[in-house]
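Listed below are the residues making up each chain.
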Amino acid sequence: MAKTNPGRFFEDYSVGETIRHAVPRTVSGGERALYHALYPARHALYSSDEFARECGLPAAPLDDMAAFHVVFGKTVPDVSLNALANLGYAEGRWLRPVYPGDTISSTSDVIGLKQNSNGKSGVVWVRTKGHNQRGETVLDYVRWVMVRKREPGSDAPEVVIPELASVLKADQLVVPEGLDFTNYDFGLAGEPHRWGDYAVGETIDHVDGVTIEEAEHMLATRLWQNTAKVHFDSGARPDGRRLIYGGHVISMARALSFNGLANAQMVVGLNGGAHANPCYAGDTVRAWSEVLDRAETSAPGVGALRLRLVATKGGDPFALKGDDGKYLPDVLLDLDYWALVPL
Amino acid sequence: MAKTNPGRFFEDYSVGETIRHAVPRTVSGGERALYHALYPARHALYSSDEFARECGLPAAPLDDMAAFHVVFGKTVPDVSLNALANLGYAEGRWLRPVYPGDTISSTSDVIGLKQNSNGKSGVVWVRTKGHNQRGETVLDYVRWVMVRKREPGSDAPEVVIPELASVLKADQLVVPEGLDFTNYDFGLAGEPHRWGDYAVGETIDHVDGVTIEEAEHMLATRLWQNTAKVHFDSGARPDGRRLIYGGHVISMARALSFNGLANAQMVVGLNGGAHANPCYAGDTVRAWSEVLDRAETSAPGVGALRLRLVATKGGDPFALKGDDGKYLPDVLLDLDYWALVPL
Amino acid sequence: MAKTNPGRFFEDYSVGETIRHAVPRTVSGGERALYHALYPARHALYSSDEFARECGLPAAPLDDMAAFHVVFGKTVPDVSLNALANLGYAEGRWLRPVYPGDTISSTSDVIGLKQNSNGKSGVVWVRTKGHNQRGETVLDYVRWVMVRKREPGSDAPEVVIPELASVLKADQLVVPEGLDFTNYDFGLAGEPHRWGDYAVGETIDHVDGVTIEEAEHMLATRLWQNTAKVHFDSGARPDGRRLIYGGHVISMARALSFNGLANAQMVVGLNGGAHANPCYAGDTVRAWSEVLDRAETSAPGVGALRLRLVATKGGDPFALKGDDGKYLPDVLLDLDYWALVPL
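Protein chains in written order, with numbering that gives the first Met the number 0: chain A, 0 to 342; chain B, 0 to 342; chain C, 0 to 342.
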């Protein structure tokens, strides 16, 4: 038993430490095809090398959320194997597209620790970075999780709570080198709506729904080498149900949002996100969005929209929280992100 | 809601119009691998680059039916989102193989319109073309669908019913440039039967069966970016069942037909096809074929067989229609196509 | 019916014959991605081109078990279509890694025959070889199966029982050209345990479990072009259950063994294996290993471990056989293999 990974406990983290995560991963057209099989993904920039080249990129990148999952998956054995809850995300920035042929690895800096008052667990903040084979950072985000203590009675570490921006400012967003939407082909992209057509406060019901199967979420979660037992082993939880990886819901909702946001091509910022309720096989996932903000960028023809993306398994579109301020039981995900949109 | 695609209604089509479909798609070895995982596909020309090169092609193409699905999938948001029925196919020709690395897009010319006598719907005929990144047409077929009217009372358009060949003549078939079956390796292909071994009227029971799962047909249908709600959303139909994309049954039957038609390598013509009854998860798909015609081609060692391919979910092989002339309830598909076979 | 493959019967084999199996297969990044989606595979050498290059290989190979499945799948139509039981494996050696772009074909030499005393069936031994497009042998193994006779009363062939090594000697193992673990990065590989840290007799519970779905085992089995009806057709067996391909259990167990054997990177020898009990969808597969032997190799920094890998669907880890010497009902697989491990 000593040779298997027991995961880290709250006591095993110290602020300032950098964790180098294992199992680098080379992605190819295979990952891209699987992403399109697993999600109804249709953003043209990620579907067509030709469309991407017309927009100034060398080829169609791997979907930004797939890049996120690859980077995230590597952190699971070191960060969330003994996690009681995935509490939040902040300051996520996609710094460079990931292309077929790239090899991705991850590191995490421990940037905050706070033991819970019950003495049995604590909150760990990490800033995770994804790197490609040239040592360039492709993604950078903060995540915080509640982690079990190994010994409930042990001393609490010094409290360090990182200062995190609730929202990335537009000038913090990184537009991929060369991106140019001046000659953007709205016909091939699938919708005519430009950046200027979206108003702050506007809401969009993405209409479509997908009923989730066990085989699909497990294929996805394994593809990102996420090893958390609860996703795969029907014996891991008392109720015998396999909990669906929250990232599967993110990708499903983002793909569904094509219908109304087909031109919100590139995800460049993650301001925050909450997995409001668990998702299980048999749930039918739907999505709606709200335009939270708009910003210009320095790239030709490229604007940015700050969007709330909400995934549900039923209920009225646009319903989010109850009178008690808590998420309604049908809400699965509340994500706040920045996307690049043609002007 | 205004930003999502409501689909087109019968009134939105006019004869002579060309619809440019959205979301071009680059295919890779990933799509090829997924096709082999989703269907028991074993035709050697599509499985082995080396076998394809021995037959004069530069590499193994993407399966012809996969090429069809990619082209077809793009048309769904513009042609069949409000379709009440998929009525037929005609004059389908594969003009050029699709290879990994190719980027495929689709256009459709509206070639016929006829309002139904009930005034609530009408039939739309489109000629759809698939194009690669060099602007070459890779596939060309006619499909007609029954589409709902937006306003039942509105005026009927002029009736235009296109003249369509019930069967493509052999000299209309396009043999891929360079194809040469002179040194065809029957051993590696899996069966010894040549073009001359098949007699018109001969029937073949393909013996094998595959029980269909929800996850599989959804993976396939998403891979082709077909977005029709009925395939994915268990809430889309009153009976709560997800209807399986007819193309999934086509590919399953074609792959099963390897057993007896291993040398019917390339699909080059689609004379017609009917989705006789709906297919659902849990059905076990089987297939049988009938040789309808034989023809020579100008390519070395290459003959053509016209084949009826029938998919069933039970019942006797070779049973097709009842005394009333209607398809038997277990028949799923009746497809009429031309394939290239070594002499 | 005459054109479909009825499979071979016991009478159809003769010692000395070489069977050339059909349908060569080119593999790509697509097969690699699917392997990672189907199994929780995390061995770094097969996940990262960069890691593989640091170990002296040109790129990350296709997983060794995937190579095995591709080679094995081709033999099914000729060897096991009428098999009553898959009896054993011996003398399996991986001779060369398989890389994306390689085209694999298989041949089998019939090396043994023994009719059963009931006169209704017999045992056939074959030595199967996998070849790449350069004619190099990539894999070589012996398998024996019990095959039905076509005519129960027919004459028995001369009995030939091949002499097979119960265990490959270390000097029979082939270390891939260039492999060098001198600068092996244990951090990126995921575990610190070196060859010298494993003691003969040591057992490891791999802890994780995966609940199997019908869609997944069928995707996998089709991907390897294994056509045995019992895996796909719920009507093929009286109980209506689809039997899971034994190789799916092998790959699942091997991938699960990462947790504790992350550095057992390359599988180079297969000493033997038994599919102890059938596996069905809904079973939760777990795994444990026992270190059976250790050996040095001539390659820099490279040692070999002989490992027993046991897959179960429940029961106590490390339990294998009952007092009657038979496998316990929860044991699915008992595999004996050699793996290469950094010193």
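One or more hints might be untrue.
The list cannot tell twin chains apart, which means a pair is met if one copy fits it or any two copies do.
[As the list claims (entries may be wrong)] Listed next, the in silico EDC-like pairs over lysine to aspartate or glutamate satisfying Cα-Cα at most 16 Å (straight line):
1) 320 / 176
2) 2 / 190
3) 228 / 176
4) 113 / 190
5) 228 / 204
6) 128 / 108
7) 2 / 196
8) 2 / 170
9) 2 / 201
10) 2 / 204
11) 128 / 90
12) 148 / 11
13) 148 / 201
14) 119 / 150
15) 2 / 179
16) 2 / 289
17) 148 / 10
The hints are simulated quantities; they were obtained by calculation from the structure and are not laboratory data.
Tested hints:
For the homomeric pair residue 320 and residue 176, neither the shortest alpha-carbon distance inside one copy (39 Å) nor that between copies (61 Å) is at most 16 Å. When the C-alpha separation of residue 2 and residue 190 is checked against a cutoff of 16 Å, the pair qualifies only between copies, where the shortest distance is 8 Å, while the shortest distance within a copy is 54 Å. For the identical chains of this complex, residue 228 and residue 176 are neighbours neither inside a copy (39 Å) nor across copies (37 Å), given an alpha-carbon limit of 16 Å. For the homomeric pair residue 113 and residue 190, neither the shortest alpha-carbon distance inside one copy (47 Å) nor that between copies (28 Å) is at most 16 Å.
Taking identical chains as interchangeable, the C-alpha atoms of residue 228 and residue 204 lie at most 16 Å apart only when they sit on different chains, with a minimum of 15 Å there against 34 Å within one chain. Within a single copy, residue 128 and residue 108 get their C-alpha atoms as close as 8 Å, which meets the 16 Å cut-off; across copies the closest is 49 Å, which misses it. With identical chains, the CA atoms of residue 2 and residue 196 are at most 16 Å apart between copies only, with a shortest distance of 10 Å across copies and 57 Å within one. Proximity of residue 2 to residue 170 under the C-alpha cut-off of 16 Å is found in neither arrangement, the shortest distances being 47 Å within a copy and 28 Å between copies.
Within a single copy, residue 2 and residue 201 get their C-alpha atoms only as close as 54 Å, which misses the 16 Å cut-off; across copies the closest is 11 Å, which meets it. With identical chains, the CA atoms of residue 2 and residue 204 are at most 16 Å apart between copies only, with a shortest distance of 9 Å across copies and 49 Å within one. Within a single copy, residue 128 and residue 90 get their C-alpha atoms as close as 11 Å, which meets the 16 Å cut-off; across copies the closest is 45 Å, which misses it. Taking the shortest alpha-carbon separations for residue 148 and residue 11, only the intra-copy value of 9 Å comes in at or below 16 Å, while the best inter-copy value is 63 Å.
Proximity of residue 148 to residue 201 under the C-alpha cut-off of 16 Å is found in neither arrangement, the shortest distances being 44 Å within a copy and 29 Å between copies. For the homomeric pair residue 119 and residue 150, the shortest alpha-carbon distance inside one copy (8 Å) is at most 16 Å, but the shortest distance between copies (64 Å) is not. Taking the closest pair of Cα atoms, residue 2 and residue 179 never come within 16 Å of each other, the shortest separation being 51 Å inside a single copy and 24 Å across copies. For the homomeric pair residue 2 and residue 289, the shortest alpha-carbon distance between copies (12 Å) is at most 16 Å, but the shortest distance inside one copy (48 Å) is not.
In the homo-oligomer, the alpha carbons of residue 148 and residue 10 lie at most 16 Å apart inside one protomer (6 Å), although the nearest pairing across protomers, at 66 Å, exceeds that limit.
Hint check: violations occur at hints 1, 3, 4, 8, 13 and 15; the rest are consistent with the structure.
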